[in-house]
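So the protein sequences, as listed, match chains A and B. Residues 7 to 792 in this note's numbering are what the first sequence spells out, letter by letter. Residues 19 to 181 in this note's numbering are what the second sequence spells out, letter by letter.
Since the hints were made in silico from the structure, they are not lab data. The structure displayed is predicted, hence computed values, not measured ones. A virtual CB, placed ideally from N, CA and C, is assigned to each residue, including glycine. Don't take every hint at face value.
What the hints assert, rightly or not - Only pairs whose alpha carbons sit at most 30 Å apart, straight line, appear in this in silico BS3-like list of lysine-lysine: (1) 27(A) <-> 145(B); (2) 145(B) <-> 165(B); (3) 777(A) <-> 145(B); (4) 187(A) <-> 317(A); (5) 105(A) <-> 249(A); (6) 187(A) <-> 397(A); (7) 18(A) <-> 165(B); (8) 305(A) <-> 94(A); (9) 408(A) <-> 435(A); (10) 162(B) <-> 27(A); (11) 100(A) <-> 309(A); (12) 165(B) <-> 435(A); (13) 162(B) <-> 435(A); (14) 307(A) <-> 187(A); (15) 603(A) <-> 574(A); (16) 309(A) <-> 397(A); (17) 408(A) <-> 317(A); (18) 397(A) <-> 317(A); (19) 630(A) <-> 542(A); (20) 307(A) <-> 777(A); (21) 165(B) <-> 27(A); (22) 457(A) <-> 145(B); (23) 457(A) <-> 162(B); (24) 27(A) <-> 23(B); (25) 435(A) <-> 457(A); (26) 18(A) <-> 162(B); (27) 305(A) <-> 408(A); (28) 777(A) <-> 397(A); (29) 317(A) <-> 307(A); (30) 309(A) <-> 777(A); (31) 307(A) <-> 397(A); (32) 94(A) <-> 476(A); (33) 63(A) <-> 105(A).
Unchecked claim - With beta-carbon atoms standing in for the labels, derived distance ranges: (34) 454(A) <-> 89(B): 52 to 58 Å; (35) 775(A) <-> 38(B): 36 to 42 Å; (36) 775(A) <-> 134(B): 27 to 33 Å; (37) 99(B) <-> 246(A): 46 to 52 Å.
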Amino acid sequence: MGEGIGARVLRKEDQRFITGKGRYTDDISERDMTHGVFVRSPHAHARIRSIDASEAKNVPGFVGIVTGQDLIDGAIGNIICGWMIYSKDGSAMKAAPWKVMDPEIVRHVGQPVAFVVAETRAAAVDAAEAVTVDYEELPALTNFHHALDPGAVEVHPEAPGNLICDWQLGDEAATDDAFAKAAHVVELDLEQNRLVPNAIEPRAAIASYNVAEEHYTLNTTSQNPHVARLCLSAFYNVAPEHKLRVIAPDVGGGFGSKIYIYPEEITCLFAARVLERPVKWVADRSESFLTDAHGRDHKTKAKLALDADLKFTGLKVETIANIGAYMSLFSSATPTYLYATLLSGQYTTPNIYCNVKLVYSHTTPVDAYRGAGRPEATFVVERIVEAAARKLGVDPIELRRKNFIREFPYQTPVLMAYDPTDFDALVEKGLAHADHAGFPARRAEAERRGKLRGMGFSCYIEACGLAPSKAVGQLGGGVGQWESAEVRVNPVGTIEILTGSHSHGQGHETTFAQVVADRLGVPVGNVAIVHGDTDKIQFGMGSYGSRSGPVGMGAIARALDKVEAKAKVIAGHLMEADPSDIVIENGELKVAGTDRKLGWHEMTLAAYTAHNLPDGIEPGLTEKAFYDPANFTFPAGCFVCEVEIDPDTGITRVVRFVAVDDFGVIVNPNVVEGQVHGGLAQGIGQALYEGAYYDDAGQLLTGSYMDYCLPRADDLPSFSLDHVETPNPNNPLGVKGCGEAGAIGAPAAVINAVTDALRTEAMTMPATPEKVWRAVQAMRAPIAAE
Amino acid sequence: MSEVKLTVNGRAVTRDVEDRTLLVTLLREHLGLTGTHVGCDTSQCGACTVHIDGHAVKSCTVLAAQVDGSEVVTIEGLADGASLHPMQEAFRTHHGLQCGFCTPGMIMMGIDIVQRHSSLDEETIRKELEGNICRCTGYHNIVKAIKAAADDMAVGTPSMAAE
Ligand code: FES
Ligand code: FES
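One chain only, chain A, in its complex shape (with noise of 0.2 Å):
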C-alpha cells in the first residue's frame, strides 16, 4: 500500500498549520490597503429614509464609502439563486430581486446598508458608526409558521403570500391510495432546527484594482473561487471574467456557508475599484451570524402507511421550508431535488410524495448546510420509522430490516438510482460495536442510579458528489456539476495537480497526491497539489456536497489515465517495446516479463528534452481532464447513539456514538475518520444544542457564542467508528465521499435515543435540558396521579 489509496498518511499541509504559517485571507495584507466596515441593519424591516455620512467623513482616516446607490449606479448586478424549481401548477418561483446593498428597503437584521473605508479597521469602526441611517420601521414575519397566513405581513410583493413555490415530487394519488389501502398508520410532525454553520474563520476578503490593466483580484475565504469568478462577472458585472483573479487561500472550514457569493465581498470589488485602493473586509463573528446563510428551518407533517406484514407502502411528506428575506444561490435546490430524493432512505417503500412550500421571511437567507438537504430527509425517514416500530410494538431493528432494499441498482420512486450497498452488513456491524445486545443491562443499571438511557438509531443513506451535469440541468441547476484536473508532469518527474476542488480542512494536499502516488508510484513528497486560485486552474466547481473525492479526485483519475498512456508510449519508444506491454511500479516504467525498466524521471526527461520521441507524439507531459460523474454517489451507514438522561438537571449526554458508514473506496483513513467526527459532532450539536432563534421582531436571539450553543469539547462523547466497503462502481475510484455523513445521520439517532429514553415522540430539536427536563416531568405525571 505503501503511500496510495488507504494509506494513513499524515497530512502534508499540517506543517504549516500547527506552526502558524497558513495563511488565511486575514493574513494576507497588500501595499496601501484600506479596512472596510459595513453599516448593517437593527431592523428586520425598514423603509431607508436617507443616509448620511457627514460625520463620519470627519472621522481620522476615513477614506470613502460606498451605498446601495452607488452600486446601481455602478451598474451592478443582483444576486442570483441559481437553481429554478416550478410549484406543481407549472408556474416558476417567485424569487424576488437580491439587490447587493438594497437603497430603499431592508429585509434582515444585518442586510448592509453602506460600506465605509478607512485607513484602519479601528478607524472604519469609528466611521461606520458615525454613519447615520433612519429607517422608518415596518412590521416584520420573523416566525416562518406563520408565512403562509392569510394576513401575514409580506416579504416581497414579487411572491405573494410569502409562497415563492408550492413544489411537490412523487405520486400523489399513488400514495394516497397506499394509505386508503394501508394496515397501519403512522403520523409525525417534525422541525429542523434552523442553524448557523459557523465555520471558526470569519468569512473575509480582499478586493484590490490594478487601474493600469484594469485588473481586479480577491482574495477571499470560499469554497468554489471559479464559482464565484463567474457569479462576479457573468451576474454582478463587477469585472469581464479574464480580468479577475479571485484566490482563496487557506480558508479556515466552510460547510456550505463559503460557497456563495455575498453582498460583502462584491462591494469590497466595487470599492477597490472606486477608491483605487486595496479593501480588506473581515467578518467579526456577530457578523457571521447574522449574514453567513443559515441552515435548515423546516416543518414538517409525515406520515408512513404499512401493510398488516410490516410492509411500508406509502410515504407522504409535507414541508414548510423557510429560505428567509432573499433566495440564496442554492435556496430552492436545497429543500427540494437535494431533500425530497432521499425520502425513500434504505427501504423499498413504493409511493413516496413531498410537497414543500418554500416561504420567505424577515430573517437571514437559508441555503445549503453540511448535508444540504439530506439532514432533513434523513431525519423525516429514520424518525418516523423508529417511532412506527415503537408504536406497533416491533423492534425498530427489525422493522427496518423488514423493509431493507435488497436488489440493485434500485429505482426510488423519488428520481434516485442507487448504486450497490449492503444495508444489513452495516446494520451488523453496527449492533456489535454498540453492545446492542448489552444495552437492557445498562439501562437497569442505570435506572438504578435514577437515570434514564435510551437507545436510538438511523440507518441512513445520502447522495452526493454532484452531479451528473445533464441531470442536474434537467433539474433547473444552472451550472454543470462536473470537476476539472490537470496533471503537469515535471521534466525531473515531480508532479503538480491542479484541481477545482477545493480544501478548506479537507486534506486534499494529501489524498489527492495518495492518488497520483497510487497510480505512478512516485512518492507522495513529489506531488504538489495547487487549488483555489483561478489564474493557475482553468476551472472547477470547488467542494461541497462531498463532492472532492467522487468528482475532483475522479477528474484527477482521468487525467492520470492520459499521462499514464502517454508515458507508455513514450517508455515504450525508449525500451522498444509496445506501449501496452508497459507497467508502472513502483516509480518505474517496465517491460512486462522482461527486465528492461527505465525511472519515472528518465521517462519524464525524455518527455521534455525530446530527443528522442515516437512520431506524432508532442514533447511534455501535461493532461487536462473534466470529469462529470454518471450519477451520484451513495454514501450509507448504521448509527447507533445511546444516551444517558439525567432526570434532575434534563441533561443528555451523549454516552456512546457508533457510525458504520459505507464510502466506497477509502482512501485514507485518518481523513475519512475525521471527516466523520466533524460531521457527527455537527449532528450531535443539532439534535442537542444548537438552534437560531429570532423574537417577534426580528432580532437573532442567538447571534454570539454566548447564547448559540456550539459543542465544545465536553459536550461530545468520542466516537466509535467502523466501516463497510463497497466500492462505487461508477467511479474511476470506487469513492462515494464521506463529508456530510455525520451531519446527515447523527441527529436522527440521537433524537431517537432520547424519546427512546423518555418514552415519547414529542421532542423537537435541539433536545435541551429545559425541554426534557419538561418531558421528563410530563411522562412522571402519570406515574404521580397514580
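Got chain A; can you put chain B with the ligands on it based on the hints?
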C-alpha cells in the same frame, strides 16, 4: 497612544499602539505574527490563545498595554528550529486538525493543560477545552493528541525546557 515593551517568542519588541489595541492586534498586525487567529468577538472560541508569562490567555481579551513587560509566546515561537514541540507533533500524528484555524489556540491551550495537570484523562482534557472551539474535528482527535503529548511531555523533552 501607549508604548508597549514586551518579549515575543524570545525577541524584545517595542511598539507605540493606540490604547484600545488588543494584544491579538499587536501580534497579528504590528508584529506580523498571523498564526494567532481571531474567531469570535466574545472571548469564546480560543483561536487567539497565546502564552503570557507561561499561562494560556486569550489574546483578544487583553489590551496590548496590559502586557507591557510580559513574556509572550505564540504558536510561531513553539518549535525549536526544525524540531516541533511535542504538542505540535502530536496534533499532526493524531490528525488533530482539519482546517487549521482553531489549531494554534488548541496547541497553546493543550500545552497549558498539560502543564497544570500531573496526570490527564479524557474527561479532564474535555473539560479543560471548554474555552476552545473547533468546528471541524469533533474534538475526538484533539483530545487524543493532547493526551499523547501529555505522555510525551511527561518524559521531558528539550523543547519543553526551552519554553
Ligand atoms: S478570538 Fe479570542 S476567544 Fe475568540
Ligand atoms: S480544525 Fe477547523 S476549526 Fe478546528
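Evaluated hints:
no.: 1; hint: 27(A) <-> 145(B); verdict: holds, 28 Å
no.: 2; hint: 145(B) <-> 165(B); verdict: holds, 13 Å
no.: 3; hint: 777(A) <-> 145(B); verdict: holds, 24 Å
no.: 4; hint: 187(A) <-> 317(A); verdict: holds, 12 Å
no.: 5; hint: 105(A) <-> 249(A); verdict: holds, 23 Å
no.: 6; hint: 187(A) <-> 397(A); verdict: holds, 19 Å
no.: 7; hint: 18(A) <-> 165(B); verdict: holds, 22 Å
no.: 8; hint: 305(A) <-> 94(A); verdict: holds, 19 Å
no.: 9; hint: 408(A) <-> 435(A); verdict: holds, 18 Å
no.: 10; hint: 162(B) <-> 27(A); verdict: holds, 23 Å
no.: 11; hint: 100(A) <-> 309(A); verdict: holds, 29 Å
no.: 12; hint: 165(B) <-> 435(A); verdict: holds, 28 Å
no.: 13; hint: 162(B) <-> 435(A); verdict: holds, 24 Å
no.: 14; hint: 307(A) <-> 187(A); verdict: holds, 20 Å
no.: 15; hint: 603(A) <-> 574(A); verdict: holds, 12 Å
no.: 16; hint: 309(A) <-> 397(A); verdict: holds, 13 Å
no.: 17; hint: 408(A) <-> 317(A); verdict: holds, 7 Å
no.: 18; hint: 397(A) <-> 317(A); verdict: holds, 15 Å
no.: 19; hint: 630(A) <-> 542(A); verdict: holds, 13 Å
no.: 20; hint: 307(A) <-> 777(A); verdict: holds, 21 Å
no.: 21; hint: 165(B) <-> 27(A); verdict: holds, 24 Å
no.: 22; hint: 457(A) <-> 145(B); verdict: holds, 22 Å
no.: 23; hint: 457(A) <-> 162(B); verdict: holds, 29 Å
no.: 24; hint: 27(A) <-> 23(B); verdict: holds, 25 Å
no.: 25; hint: 435(A) <-> 457(A); verdict: holds, 27 Å
no.: 26; hint: 18(A) <-> 162(B); verdict: holds, 20 Å
no.: 27; hint: 305(A) <-> 408(A); verdict: holds, 29 Å
no.: 28; hint: 777(A) <-> 397(A); verdict: holds, 22 Å
no.: 29; hint: 317(A) <-> 307(A); verdict: holds, 21 Å
no.: 30; hint: 309(A) <-> 777(A); verdict: holds, 24 Å
no.: 31; hint: 307(A) <-> 397(A); verdict: holds, 17 Å
no.: 32; hint: 94(A) <-> 476(A); verdict: holds, 22 Å
no.: 33; hint: 63(A) <-> 105(A); verdict: holds, 25 Å
no.: 34; hint: 454(A) <-> 89(B): 52 to 58 Å; verdict: holds, 53 Å
no.: 35; hint: 775(A) <-> 38(B): 36 to 42 Å; verdict: holds, 38 Å
no.: 36; hint: 775(A) <-> 134(B): 27 to 33 Å; verdict: holds, 29 Å
no.: 37; hint: 99(B) <-> 246(A): 46 to 52 Å; verdict: holds, 48 Å
Checked against the numbered hints above, the structure breaks none of them.
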